[in-house]
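Engineer: Since the structure of chain A is already known, use the hints to place chain B on it.
Those sequence lines, one after another, are chains A and B.
Just so we're on the same page, the working numbering is the position in the first sequence counted from 1, plus 2.
Just so we're on the same page, the working numbering is the position in the second sequence counted from 1, plus 2.
In case anyone wonders, no lab produced these hints; they're calculated from the structure.
Please note that a few of the clues may not be correct.
For chains that are exact copies, the list does not tell them apart, and a pair is met inside one copy or across any two.
Derived BS3-like pairs: lysine-lysine, alpha-carbon spacing no greater than 25 Å straight-line [stated by the list, open to error]:
id	residue 1	residue 2
1	K11	K29
2	K161	K121
3	K62	K150
4	K30	K11
5	K167	K21
6	K151	K62
7	K11	K56
8	K56	K30
9	K161	K62
10	K122	K19
11	K29	K62
2 protein chains.
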Amino acid sequence: METTEAILKRRSVRSFKDKPISADVVKKLLESARLAPTGGNRQPWKFIAVRNPKMIRNIKMFSEGLGGVPTLIIGVCCEDMNTVTVMDIAMASENIMIQCVDLGLGSCAIASFNQEAVKKLLEVPAEVHLPLLLSIGYPEGEPRIRPKKELKQVAYEEKYGGELKI
Amino acid sequence: METTEAILKRRSVRSFKDKPISADVVKKLLESARLAPTGGNRQPWKFIAVRNPKMIRNIKMFSEGLGGVPTLIIGVCCEDMNTVTVMDIAMASENIMIQCVDLGLGSCAIASFNQEAVKKLLEVPAEVHLPLLLSIGYPEGEPRIRPKKELKQVAYEEKYGGELKI
Numbered sequence: 003m004e005t006t007e008a009i010l011k012r013r014s015v016r017s018f019k020d021k022p023i024s025a026d027v028v029k030k031l032l033e034s035a036r037l038a039p040t041g042g043n044r045q046p047w048k049f050i051a052v053r054n055p056k057m058i059r060n061i062k063m064f065s066e067g068l069g070g071v072p073t074l075i076i077g078v079c080c081e082d083m084n085t086v087t088v089m090d091i092a093m094a095s096e097n098i099m100i101q102c103v104d105l106g107l108g109s110c111a112i113a114s115f116n117q118e119a120v121k122k123l124l125e126v127p128a129e130v131h132l133p134l135l136l137s138i139g140y141p142e143g144e145p146r147i148r149p150k151k152e153l154k155q156v157a158y159e160e161k162y163g164g165e166l167k168i
Numbered sequence: 003m004e005t006t007e008a009i010l011k012r013r014s015v016r017s018f019k020d021k022p023i024s025a026d027v028v029k030k031l032l033e034s035a036r037l038a039p040t041g042g043n044r045q046p047w048k049f050i051a052v053r054n055p056k057m058i059r060n061i062k063m064f065s066e067g068l069g070g071v072p073t074l075i076i077g078v079c080c081e082d083m084n085t086v087t088v089m090d091i092a093m094a095s096e097n098i099m100i101q102c103v104d105l106g107l108g109s110c111a112i113a114s115f116n117q118e119a120v121k122k123l124l125e126v127p128a129e130v131h132l133p134l135l136l137s138i139g140y141p142e143g144e145p146r147i148r149p150k151k152e153l154k155q156v157a158y159e160e161k162y163g164g165e166l167k168i
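Just chain A, with the same shape it has in the complex:
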């Protein structure tokens, strides 16, 4: 799929088919994350790919933000919660979510979950943070389209508040 199409077509998907995701596909997603931008080349991230249905159900019990039953969850861990680190893992996560569109997968980024409980399930060490889960699967039906602000409301030219004339 063309890059522009993948970026513009991405929607948060919360309803998934019960269809397994192959190892090859998981590897492509992780590879997309590995090569994301990272401040000072620190790469302060770890990604945990979970496909075991029982573990996915367990994670879901502690994740109020998780809609539907995904067939893959990627837990996104980081060393600290500095702003640059948080931006790094978010950019890597967006790479995964754009790559998902290209592979016919839907995804949703989830920050509303009981981090301590999920860390325990995934055996994440106390000093490591787990601020984000990506729920991934083959979409069931069409995702709900939510209204977006117009470009002029979110983009300016030359200065803050400068009218967009392009």
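Structural biologist: Using the frame of chain A, we list chain B on its own:
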């Protein structure tokens, strides 16, 4: 360009040609950002597209992290610095940087700059944050390739530390 290629080819570019970026291209980049994922559909972002060469030179004076002379800087503003907000603007910024690759542009995300000074230049209100600048232009030469960790070092299966067997 294929999505996978754009994601994997992206490098931080710090050397740019003195070639203007058209309004159409700027609009495509901003549109990519507008449709990025955002927690609770908040869209807590504003993007300032700066193409005026004099303003770009002024911003550069206060931005130690900015290499080369870009022909476009996008200032990424947000309402607060909550973790979810920071992840939102980072995902939107990654959309811009992936779209850049597709359009033959290079980009670099910059967090090392004097935020107060650049806010003043761009007339950003005191209560608005400007944690990130994206420097963008047509690449001059090949960007430096920095070594990346192997996939097994950053990705696990089923639990933290679980060996990647895929």
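Engineer: Would you mind marking each hint as holding or not holding in the structure?
Structural biologist: So, going through the hints one by one against the coordinates:
Both within a single protomer and between protomers do K11 and K29 lie at most 25 Å apart by alpha-carbon distance, with minima of 22 Å and 17 Å respectively. In this assembly of identical chains, K161 and K121 lie within 25 Å of each other by CA distance solely across copies; the values are 9 Å between and 43 Å within a copy. Within a single copy, K62 and K150 get their C-alpha atoms no closer than 28 Å, and across copies no closer than 32 Å, so neither meets the 25 Å cut-off. When the C-alpha separation of K30 and K11 is checked against a cutoff of 25 Å, the pair qualifies both within a copy, at 19 Å, and between copies, at 14 Å.
Proximity of K167 to K21 under the C-alpha cut-off of 25 Å is restricted to the inter-copy arrangement: shortest distance 20 Å between copies versus 46 Å within a copy. Proximity of K151 to K62 under the C-alpha cut-off of 25 Å is found in neither arrangement, the shortest distances being 31 Å within a copy and 30 Å between copies. For a Cα distance limit of 25 Å, the shortest separation of K11 from K56 qualifies neither inside one copy, at 31 Å, nor across copies, at 36 Å. For a Cα distance limit of 25 Å, the shortest separation of K56 from K30 inside one copy, 23 Å, qualifies, whereas the shortest one across copies, 42 Å, does not.
For a Cα distance limit of 25 Å, the shortest separation of K161 from K62 across copies, 15 Å, qualifies, whereas the shortest one inside one copy, 44 Å, does not. Taking the closest pair of Cα atoms, K122 and K19 never come within 25 Å of each other, the shortest separation being 27 Å inside a single copy and 50 Å across copies. Taking CA atoms no more than 25 Å apart as the test, K29 paired with K62 passes inside one copy only; the shortest distance there is 23 Å, against 39 Å between copies.
Violated hints, listed in ascending order, are 3, 6, 7 and 10; each of the other numbered hints is respected by the structure.
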